[in-house]
Amino acid sequence: MVSTRTGRSTPVMEQRGTHQPTPPPAWKPRTDPAPLLPDPEPYRVLGTSRAAEADSTLLLKLYGELVRGRRYNAQATALTKQGRLAVYPSTTGQEAAEVAAAMVLQEQDWLFPSYRDTLAAVARGLDPVQALGLLRGDWHTGYDPYEHRIAPLSTPLATQLPHAVGLAHAARLKGDDVVALAMVGDGGTSEGDFHEALNFAAVWQAPVVFLVQNNGFAISVPLAKQTAAPSLAHKAVGYGMPGRLVDGNDAAAMHEVLSEAVRNARAGRGPTLVEAVTYRMDAHTNADDATRYRSDAEVETWRAHDPVALMERELTGRGLLDEQRIEAVRQDAEEFAARLRQGMNADPVLDPMDLFTHVYAEQTSQLREQAAQLRAELDAEAEAEAASGAEQER
Amino acid sequence: MVSTRTGRSTPVMEQRGTHQPTPPPAWKPRTDPAPLLPDPEPYRVLGTSRAAEADSTLLLKLYGELVRGRRYNAQATALTKQGRLAVYPSTTGQEAAEVAAAMVLQEQDWLFPSYRDTLAAVARGLDPVQALGLLRGDWHTGYDPYEHRIAPLSTPLATQLPHAVGLAHAARLKGDDVVALAMVGDGGTSEGDFHEALNFAAVWQAPVVFLVQNNGFAISVPLAKQTAAPSLAHKAVGYGMPGRLVDGNDAAAMHEVLSEAVRNARAGRGPTLVEAVTYRMDAHTNADDATRYRSDAEVETWRAHDPVALMERELTGRGLLDEQRIEAVRQDAEEFAARLRQGMNADPVLDPMDLFTHVYAEQTSQLREQAAQLRAELDAEAEAEAASGAEQER
Amino acid sequence: MSTATSTAAGRTGTKPATMAQALQRALRDSLAEDPAVHVMGEDVGTLGGVFRITDGLAKEFGEDRVTDTPLAEAGILGTAVGMAMYGLRPVVEMQFDAFAYPAFEQLISHVAKMRNRTKGAMPLPLTIRVPYGGGIGGVEHHCDSSEAYYIATPGLHVVTPATVEDAYGLLRASIASDDPVIFLEPKRLYWSKGSWNPEAPTAVEPIGKAVVRRTGRSATLITYGPSVPVCMEAAEAAQAEGWDLEVVDLRSLVPFDDETVCASVRRTGRAVVVHESGGFGGPGGEIAARVTERCFHHLEAPVLRVAGFDIPYPPPMLERHHLPGVDRILDAVARLQWESEGGLEGGSV
Amino acid sequence: MSTATSTAAGRTGTKPATMAQALQRALRDSLAEDPAVHVMGEDVGTLGGVFRITDGLAKEFGEDRVTDTPLAEAGILGTAVGMAMYGLRPVVEMQFDAFAYPAFEQLISHVAKMRNRTKGAMPLPLTIRVPYGGGIGGVEHHCDSSEAYYIATPGLHVVTPATVEDAYGLLRASIASDDPVIFLEPKRLYWSKGSWNPEAPTAVEPIGKAVVRRTGRSATLITYGPSVPVCMEAAEAAQAEGWDLEVVDLRSLVPFDDETVCASVRRTGRAVVVHESGGFGGPGGEIAARVTERCFHHLEAPVLRVAGFDIPYPPPMLERHHLPGVDRILDAVARLQWESEGGLEGGSV
Ligand SMILES: Cc1ncc(C[n+]2csc(CCOP(=O)(O)OP(=O)(O)O)c2C)c(N)n1
Ligand SMILES: Cc1ncc(C[n+]2csc(CCOP(=O)(O)OP(=O)(O)O)c2C)c(N)n1
Ligand SMILES: [Mg+2]
Ligand SMILES: [Mg+2]
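Protein chains in written order, with the UniProt record's numbering: chain A, 1 to 394; chain B, 1 to 394; chain C, 1 to 349; chain D, 1 to 349.
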């Protein structure tokens, strides 16, 4: 017999015939993938028989948030035209996913928004002026993340997902009841960080919910150039977590699916990947020209499936949208917009010396030197201005 | 009616009741995931009723390669003890996957091995001394990748996978009949590069086959700490490509599944992810101490499922392993090992000036200066040696 | 704008154009001349890139040559490596400086090393275009000057244009190079105008030659990319204070043109390195050190540096305090120890 | 080995130990003292790390405190960021220098910037241990000296020990720091021995103080990490040639201790920077430039640099030609223009 250099002691002469019952060691897939697979159709409530079960109070609350969110998008876009915002990535058309993401969380939970998700942050209670700080340009993160437990808006796509996993994992290790909900776009799912975050979350069974807003585009790149997957929710299977496909314009469906995912996370049943199928009605940002890559006809198809209108229809059908209610909701949104306008019209207080204050816990001697240089320049500038002012007065 | 600022013209008054047939725009999953899902049990041929259909000539060829591969692993490991190799990551126990990966490729195809896969490279025809160049330490890549169309052994895990995709894509764009087969370990599937490579491959429908050798460990880290997925093959679904689960110790099954995947790639049917379930019988490398993280009992379970023995049983059962055949196979393996020993015992010719020759197509002036410095040092060294030699002669 | 070379301005057939136009033209000409050239990246196809540098190219050359990739920078660069292995010449666009970081492993461990690891058998002729630097009111992660990372990575060429002519010429040469080139495009010069000859634009060969943008006798400003126009302006302003400044535009950081730089510094005896990148560990340290090593006895003063502060890039409303401007350059020039010399043309302190 | 400080050698209670042991002890003491400390990385748990620095810690503190992660460096650092956000103090191990590159986006865009982006609200107290450098016969991608990347990234501290005592003291201080620290461990010193007092080891506070390892009058060798023992050896050898060299061990590249370095150079009037990292764009340029800016009139010669060549790290059989050794250091010292001075103690050329 040929020595196979394995040191194997099984006598080879005993092995005959083709049907040996060799025990194949531990290689059976450990989980049945069936419960992880998303349904083939996005989950819907509004406009379906499921709507009957939806709680009116919740629907009215969602409606208020949707209308306010729509107003917020319109106002922020207007602010870019007035030069009060450098740039604004609008979520018009995506309000259902945005506000539901905020509403399903409890106070101690954490939200991890991407750069587009200022509305979710605002719906969680963040002052919209602070939420827009980054885009206004007076500082990077316009708010204290600990105040409302909202991580900094993440510009580098998908990079915030592992943060959410780490935070949720840390809270769980400490025995705290905290769930993290992390938001990312369809384009962001192609990044390595998406993959690594979901894998860590599943291995650690961290209490995280990943919400992908599939709005059809990554700037100009349509989903078909982004992935060949059956759906983005199907990616969950490869991590061993359940994937859910939802109509992202259906606020009731979004609220229900996200609530369940949060509940599971909270109960120690691990992470969920939720894909909200939606559509970005505006251009990527006000600086973008969407006509370069999509047709008006396509946009119009989606207009017929508007999240605010969907909810309106449901509430109207139930006879809940009387004049007074409508006026109250409108009023609230207008007041909200007025406060935002006012806040954004006030010039922010800037201190250039802040540039050196927060780089390290304690300023290094190099930074002290550089801060002194800037201080001297600013003083000289001020002196020169004062002098020219005095000159003019004379 | 509340203005939702969408510019929507649908008259709201028409919308009544909860069951509206709003057309949900383009969001049905584009593919049925069923054909992408791997079977729940790894595919096997040897020891099953399928074995009867296997071609004897192929099995004998596989057997020869397996025995030679086993001998190669033993010899390379011995060379580390003799100080002729700095380090050797053995594929003892994984020979079936290694040799099948090489054998399913045509001459014009490309192999993208990971750092462990010198055996696959050797089975493709690469001189083993060249294959071991990296581990011997005289240069990085010990061979010309274009000679046998074998990319450099990749030490940074999973980083070679996008290369395989790009190369296959480029060949396809040029209209060339080329398939790339890329190898990676179970641990490597956690890297972002794995994710990005598979996604690009599926979007581009590139002619690539991804072969994951799940050998149970990433150094000391067992699969359970690496992933919670049903199986690694299930990851395919999230990219929209078929996943196949195979008994990696069954050379006939490996050959069949990889052949089919290569055939599909060649025919323009896109990429496949193949998971070979196998086991690393030796430590991670000769420098590793596997007793720190796994029990001898576990190793023994797998010894009973040895790839060489599985094939031996089949051939013995068919009455194909007579004395002469066995002797010929053994002889071939021994000669191969002897050539390898001989090649590795010869000291490599080293030219330190090579350090500066291949950094750029044309040496920069900085490198010319630095090369001159080293040249001068070497000359001085040689002179000093010559002088001390002359001294001694006197 | 004083960014055009003085020689170009007088030529017949020259026309004004923006740097963006010159870059687009360079890509177009490269695509047209060599079927191996492929352009790839996020939004480079249908949209024409967020800066419109690839505008119209997908239409002209097809989506197989000008490709919108999935959103994954390591994947973009990694697949480009594979394409280059097969003989193509990929030109990769990283959408913004900071979004090149996910591709750093591919860059450092493969792109920079492949030729060397294979003893020259497997060169990687690929160009990585990186819009870099600030001054455009961009939010965080959109304004990094990341050249320090690239120049510390042997195996890469690092090239950056400062004029419209060079934008064309250097990009053509980079794409034609058989080595990987990091092609740093100064974002805020995209819309800068210069005269060039669109009838007969030419590549700048070889890569690695600095150019004296302005001759002067008092001191040398050594600079590149977005800081070149600032230095030209500073040199004009300096005249009023009696300094006649020479301005050297490096054009490529790797290879580094010691010859041109040192010849200038030996002539003037004084030098200031100016760049937008942070000072600590930035290119300025290397440049100052090597100039000092080579020209020590010609130096009347230490080589000084004017750079961005050692801080994360500031938010839009504060960036003007960070960017090296004319005043800071003149301050540095003033600190070049003129008093210890005497006899200098009106040398102020 | 001459790596122990001369003061430590004479103390009572001192014992010989390896740097690996001191590092392991630092991790253990940190884990024991502060429940917020978590150790994570590839193979750091059951195996105790490929260099055994975390040996026994998972057993002692449990897998929740000392965790084997999936194999994904961006994921490791990214989740550590999240853990730090929640108040933990993660200590991350990158298995080898080059395998930290996949985590560079997390490092540059988040780790280094988080405190600043949030105006101090969200500090990230995390330590990233990176075994670095060559000299151990490692194959490609296992021997990089990657410090140039880290020092060019404001927001990070960059610390590296050269002695057993410092290995303990600096790692304790790094873990205790409220800022992210890149803790570079010189691989080939892991098994170096030094005397220390294991009864009462102490943290080195504050981070950012260089130390004079050897006093001398002729010239200063400025160095750190793996090159410190080489410089000590060179200083011994230099004595035979009549040079009395001072050796400054920086211990931290960021913050940089200008005071100690410049005080030394002002005393000696000459300096050579020595490191293993490539020269071009490496830390040496920064160091030479800033010393020259600050000490120009005290310098008798340009500050010279002895560094690794500007090439990808060589294969094992050739690495000795790349690494700065005693001879190359002495050659540089010889080029410090002694002849123009006269009167120096036996100054050879
Ligand atoms: C790592 C990274 N790469 C590139 C970019 C530039 N960029 C900003 S938004 C965007 C598209 C994002 O698409 P998606 O993830 O679908 O989110 P959406 O904008 O649709 O909300 C790109 C490419 C970025 N911010 N980060
Ligand atoms: C990017 C990267 N990170 C870490 C390492 C160090 N390392 C070398 S082998 C290895 C384990 C690999 O496990 P797996 O992918 O399962 O392959 P196997 O060794 O089992 O063949 C690790 C962590 C590496 N080579 N590259
Ligand atoms: Mg999108
Ligand atoms: Mg493995």
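Calculated from the structure, these hints are not laboratory results.
Heads up, some of the hints might be wrong.
[Claimed, not checked] Anything over 10 Å on all C-beta distances counts as not near chain A; from chain D, calculated:
hint, residue
1, 55
2, 64
3, 72
4, 78
5, 88
6, 113
7, 119
8, 142
9, 236
10, 263
11, 334
[What the hints assert, rightly or not] FRET-style restraints, in silico, Cβ to Cβ:
hint, chain 1, residue 1, chain 2, residue 2, range
12, B, 267, C, 87, 19 to 25 Å
13, B, 300, C, 35, 35 to 41 Å
14, D, 209, C, 325, 31 to 37 Å
15, B, 40, A, 291, 32 to 38 Å
16, A, 387, C, 202, 28 to 34 Å
17, B, 328, D, 16, 26 to 32 Å
18, B, 386, D, 296, 54 to 60 Å
19, C, 241, D, 296, 19 to 25 Å
20, A, 291, C, 202, 33 to 39 Å
21, B, 175, A, 147, 58 to 64 Å
22, B, 83, A, 362, 47 to 53 Å
23, A, 291, C, 32, 24 to 30 Å
24, D, 236, B, 292, 49 to 55 Å
Beta carbons are placed, not taken as given, at the ideal position from N, Cα and C, and that holds for glycine.
The hints, checked one at a time:
1. Every CB of chain A lies more than 10 Å from the CB of residue 55 of chain D, the least distance being 23 Å, so the non-interface label holds.
2. In this structure residue 64 of chain D is not separated from chain A by more than 10 Å, as the shortest Cβ-Cβ distance comes to only about 5 Å.
3. Remark: the non-interface label on residue 72 of chain D conflicts with the geometry, its nearest Cβ contact in chain A lying 4 Å away (cut-off 10 Å).
4. With a minimum CB-CB distance of about 3 Å to chain A, residue 78 of chain D fails to clear the 10 Å threshold, and the non-interface call is violated.
5. Residue-level check failed: residue 88 of chain D sits 5 Å from the nearest beta carbon of chain A, not beyond 10 Å.
6. With a least beta-carbon separation of about 8 Å from chain A, residue 113 of chain D fails to lie farther than 10 Å from that chain, contradicting its non-interface assignment.
7. Residue-level check failed: residue 119 of chain D sits 5 Å from the nearest beta carbon of chain A, not beyond 10 Å.
8. The Cβ of residue 142 of chain D lies farther than 10 Å from every Cβ of chain A, with a closest approach of about 22 Å, so its non-interface assignment holds.
9. Every C-beta of chain A lies more than 10 Å from that of residue 236 of chain D, the closest at about 32 Å, which supports listing it as non-interface.
10. The Cβ of residue 263 of chain D lies farther than 10 Å from every Cβ of chain A, with a closest approach of about 14 Å, so its non-interface assignment holds.
11. With a minimum CB-CB distance of about 32 Å to chain A, residue 334 of chain D clears the 10 Å threshold, and the non-interface call stands.
12. The hinted window of 19 to 25 Å between residue 267 of chain B and residue 87 of chain C holds, with their beta carbons roughly 24 Å apart.
13. About 58 Å separates the C-beta atoms of residue 300 of chain B and residue 35 of chain C, a value inconsistent with the hinted range of 35 to 41 Å.
14. Separation of residue 209 of chain D from residue 325 of chain C is about 35 Å and conforms to the stated range, judged on CB atoms against 31 to 37 Å.
15. For the pair residue 40 of chain B and residue 291 of chain A, the supplied restraint of 32 to 38 Å is violated, since their beta-carbon distance comes to about 49 Å.
16. A beta carbon spacing of about 51 Å between residue 387 of chain A and residue 202 of chain C contradicts the range 28 to 34 Å that was offered as a hint.
17. The beta-carbon spacing between residue 328 of chain B and residue 16 of chain D, approximately 59 Å, falls outside the hinted interval of 26 to 32 Å.
18. About 44 Å separates the C-beta atoms of residue 386 of chain B and residue 296 of chain D, a value inconsistent with the hinted range of 54 to 60 Å.
19. Taking 19 to 25 Å as the suggested C-beta distance range, the pair residue 241 of chain C and residue 296 of chain D conforms, at roughly 22 Å.
20. Between residue 291 of chain A and residue 202 of chain C the Cβ separation comes to about 37 Å, which falls inside the hinted range of 33 to 39 Å.
21. Judged by the Cβ atoms, the range 58 to 64 Å given for residue 175 of chain B and residue 147 of chain A holds: they are separated by roughly 59 Å.
22. For the pair residue 83 of chain B and residue 362 of chain A, the supplied restraint of 47 to 53 Å holds, since their beta-carbon distance comes to about 50 Å.
23. For residue 291 of chain A and residue 32 of chain C, the hinted distance range of 24 to 30 Å is satisfied, since their beta carbons lie about 27 Å from each other.
24. Taking the beta carbon of each, residue 236 of chain D and residue 292 of chain B are about 40 Å apart, not inside 49 to 55 Å as hinted.
In this structure, the hints that do not hold are numbers 2, 3, 4, 5, 6, 7, 13, 15, 16, 17, 18, 24, in rising order.
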